[in-house]
Structures are given as structure tokens and as C-alpha cells.
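Asker: So the sequence shown is numbered by our numbering: it starts at 2 and just counts up by one.
Warning: the hint list may mix true and false statements.
Derived CB-CB ranges, DEER-like [what the hints assert, rightly or not]: (1) Arg402 to Thr334: 19 to 25 Å; (2) Asp265 to Ile63: 25 to 31 Å; (3) Asp165 to Asp319: 32 to 38 Å; (4) Pro217 to Pro316: 28 to 34 Å; (5) Glu37 to Ala264: 48 to 54 Å; (6) Ala383 to Pro316: 46 to 52 Å; (7) Lys411 to Ala387: 37 to 43 Å.
The calculated DMTMM-like cross-link candidates involving lysine to aspartate or glutamate, where the alpha carbons are at most 25 Å apart (straight line), are [stated by the list, open to error]: (8) Lys445 to Glu429; (9) Lys374 to Glu128; (10) Lys374 to Glu34; (11) Lys418 to Asp382; (12) Lys374 to Asp420.
Hints listed in this document are in silico derivations from the structure and should not be mistaken for laboratory results.
Note that the coordinates shown come from a computational prediction; the quantities given were computed from them, not determined experimentally.
All residues carry an ideal CB built from backbone N, CA and C; glycine is no exception.
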Amino acid sequence: MGTDGLLILALGVALTAVVTFPFWRAARRREAEAAEWEAEAAEKGLREPVTLHPVVDTAACIGSGTCVAVCPEDVLALRGGQAVAVAAARCVGHGLCERACPVDAIRLVFGTATRGVELPRIRENFESNIPGLYIIGELGGMGLIANAFEQAAQCVDGIAAEPDAGTALHGAGNGSGGGRGRSLDLAIVGCGPAGLAASLHARDRGLSFETLEREPDVGGAVRSYPRRKLVMTREVRVPGYGALGLREIQKEDLIRLWEEIVADTGLDVRTGVRVTGIERNGGGFTVETTGEAVRARRVILAVGRRGTPRKLGVPGEDSPHVAYSLREPEAYTDLDILVVGGGDSAVEAALALAAAGSRVAVSYRRHAFSRIKPGNRERVDAAVAARRIRVLWSSEVKEIRPAEAVIDVKGGPRRVKADAVFVFIGGEMPTKFLRAAGVEIDVKFGAP
């Protein structure tokens with residue numbers, strides 16, 4: 002090879018290096034960030050998924066990084082040129098990563114090979130194993146508000162498209178509250194995000210329906226969130242109201258928005274009514290309640306997965322100063338408060354109570370907070386450092402007394418002042434209620 006050839010080759014190598022070096026350096030930086038985030042996630046207990054989470058097909062993944070870029074919860078990272086779930090516990094199931102992948106290498110699944118997740122058996126159209134009985138929202142494993150609205154729209158559209166849709170008594174329900182005790186097209190149980198959306202879509206499609214909510218107001222489980230908790234969402238269309246383009250909204254604003262939607266659309270919701278059972282009745286259902294029963298051709302269950310709070314099972318837990326939700330922290334000022342739990346709800350409650358001027362102690366069975374949002378972690382760490390909140394790590398409540406609690410802290414008993422006790426250790430799926438209605442419960446081990 003002549004001098005000119007060597008010169009051209011050298012220039013080619015140099016140009017290639019100049020062009021590729023920034024990409025190589027960016028890739029190295031992403032790898033370092035992924036390794037750092039993965040180590041931090043492992044330390045904070047974020048590797049084990051809570052419920053729905055992404056699984057990457059490494060044989061198909063091309064490492065485009067689009068899934069990493071669209072995930073607002075920092076669940077995914079690029080490692081070895083491929084996407085990997087480094088903080089699966091943060092996944093909230095919006096599916097942005099799955100939709101963004103250009104080669105369909107990501108799917109959302111429930112549970113893992115070693116940790117199963119109980120879910121009611123439902124088909125792609127949200128119908129359970131009982132024909133005509135549908136399950137949407139958190140109970141079906143999808144807890145996001147936007148997901149609930151989308152599921153409600155698809156479910157109601159499917160019901161409205163059935164050949165016998167609209168054959169039930171019209172003028173009953175449809176938000177009017179009339180015709181109770183006679184057969185309707187649809188009974189909707191629950192008026193949280195999924196139930197509210199289902200009601201509005203049913204009204205939009207001209208179906209006769211009744212909406213039953215056990216709480217005294219609309220909003221479902223969101224009403225029991227601590228004040229000012231941020232609720233993430235994305236744009237959804239609300240029939241009869243318009244588009245909601247909110248990317249995030251505080252709890253109080255969301256509740257006010259729901260109340261405004263109900264008022265503006267004239268939606269009638271039977272609040273303060275608890276459903277006690279659902280029975281097949283010929284070609285439809287009878288929904289038994291603490292009030293008047295409802296007969297309907299179809300039923301949508303839009304109740305929360307954690308409608309029944311999990312309890313400690315200790316002496317004194319039935320005392321009047323023990324609660325499982327916190328709505329008005331400002332009512333607890335200059336008191337000694339014990340919060341039990343280490344998830345987002347427990348941390349947010351502790352922060353709200355401390356901000357209201359109470360002395361807050363947190364009892365958590367682990368050695369560090371796990372599976373909480375980064376913003377909550379920063380806030381609670383700052384509160385602990387400032388001594389506004391005291392945390393009893395590796396502890397377990399043994400007894401609750403009128404003004405104190407007995408807590409086992411690392412093997413030794415300790416008496417902690419407690420004018421009020423708030424327990425946030427999760428909730429129990431209404432398995433007994435579902436099985437009584439004939440709904441099959443499956444345990445998912447890494448299955449979609």
C-alpha cells in the first residue's frame with residue numbers, strides 16, 4: 002500500500018474514531034449509571050416487583066433505549082447494550098415501555114417465578130369466568146387512573162356492542178336514580194377512578210345503570226390517601242366533560258375535579274351503600290346491598306384491591322384511636338403518633354402528621370424503607386435527620402394500649418407513647434367476596 006493509501010486509511014480511522022467516540026463515551030456513561038442505580042435499587046429493596054412489572058426478551062432487545070427514556074419511574078436501565086429492569090418494585094403498570102419498544106421486546110407480567118400474585122381470572126375484554134361479570138381497575142391488577150379510564154371505556158364499549166344491549170329497562174338508572182328494583186343494563190360497583198369512568202361511559206352509550214359506592218362520597222380509595230399526595234396520570238377523555246390533560250395532580254384537586262365532573266354531568270351515584278353479594282339471576286344478576294337490591298343484565302366490579310386493610314392482629318387493635326387511613330392530618334396537632342408500616346402510604350402519613358405539629362414515631366419491620374418513591378425517600382430522610390420523625394427499624398408492634406404501644410425492637414420490648422396509631426401495612430384482596438360470587442382466583446408467577 003502506497004503513501005497515499007496509508008494516509009487515506011489513517012484519515013478513515015481517525016474520522017471513525019472522532020464519530021464513534023461520543024457514542025462510545027455515552028454508552029460507557031449509561032453503563033456506569035445503570036450499575037450505580039442497580040446497586041442502589043438492590044440496597045433499597047426495589048429489585049423485587051410488587052405486582053405488574055416489565056420483562057425484557059434479551060434475544061429481541063436491540064438496546065434502543067426508548068423504554069428507558071419514556072419510563073418516569075426509573076424502572077429500566079441499559080446494561081450490556083440491552084434494557085434490564087433494575088427497580089421492578091417501582092413499576093406502576095402504565096405500559097409506556099411496552100408500547101415504546103420498536104421490536105416488541107418488552108411485556109408486562111404479574112409476579113415472578115418465586116413470588117406469586119393473586120388476581121381474579123379475567124379475559125382480554127375484562128370479563129371474569131362468570132359470563133356478564135366484569136372486573137376493571139386496581140382489583141384486576143391495574144392501579145393507575147389513566148389505565149382505569151381506558152379499561153372502563155373498553156369494557157363499557159364491549160357491553161354496549163352486545164346484541165341485547167339496551168334491551169333492559171331504559172329510563173332506569175342512567176344517572177337519574179329512577180327504576181331501582183327493576184332490571185337495568187348494568188350495575189357498577191365502586192366509584193373510584195374505574196367506577197366513575199365506567200359510569201360516565203355507560204351514560205354516554207345510553208345504557209341504563211346504577212353506580213354503588215360504599216363510601217359517603219365519590220373517589221374510592223383515593224380519598225383515604227394522605228393530604229396532598231401526588232396522583233400520576235396522563236390525558237384521558239371524560240364523556241360529557243372533556244379531555245383531562247393532567248400529567249400529575251394532587252389528591253385534593255383530584256377529588257374536587259371528580260366532584261365537579263359528577264355535578265356537571267348530573268351523574269347519580271348511590272353512596273353509602275355496601276354490596277354484600279352478587280348472584281346469577283336468569284340471564285342477569287342480582288346485586289345484594291345494605292340497601293335496596295339491584296337487578297342488572299351485566300355487572301362491573303370496580304372496587305379497590307385493598308378495600309379491606311390488613312391488620313396487625315395484636316391486643317388492643319380494636320381501640321378507637323387506631324385507624325387505617327388518614328384524611329385530615331391537621332386534626333392531629335401536638336400529639337404522640339405511631340405510624341406502622343414502611344411503604345409510600347405510611348411515609349406520606351408520617352410526613353403529613355409531622356408537618357401538622359405532632360411527634361411521630363414510625364415502626365417498620367425492615368432495616369430500611371423499601372419500595373417508596375424517590376421524592377418520598379428524600380423527604381422522609383430529611384425529616385429523620387431533622388428529628389421531626391423517629392424511626393424504629395426492625396420493629397414489630399406487640400400490643401396497643403390507651404396511650405402507648407408495646408413494640409419489639411430488635412428483640413427487646415419498648416413502650417412508645419401513642420395518642421393515636423395509624424396502620425399502613427397494605428390491604429387484602431376481597432377474595433371471599435369474589436369466590437362467593439363464583440369468580441376464580443389465579444396466582445400469577447411471572448405471567449401477563
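Asker: Okay, which hints does this one fail, numbers in order?
Answerer: 2, 3, 6, 7, 9 and 12
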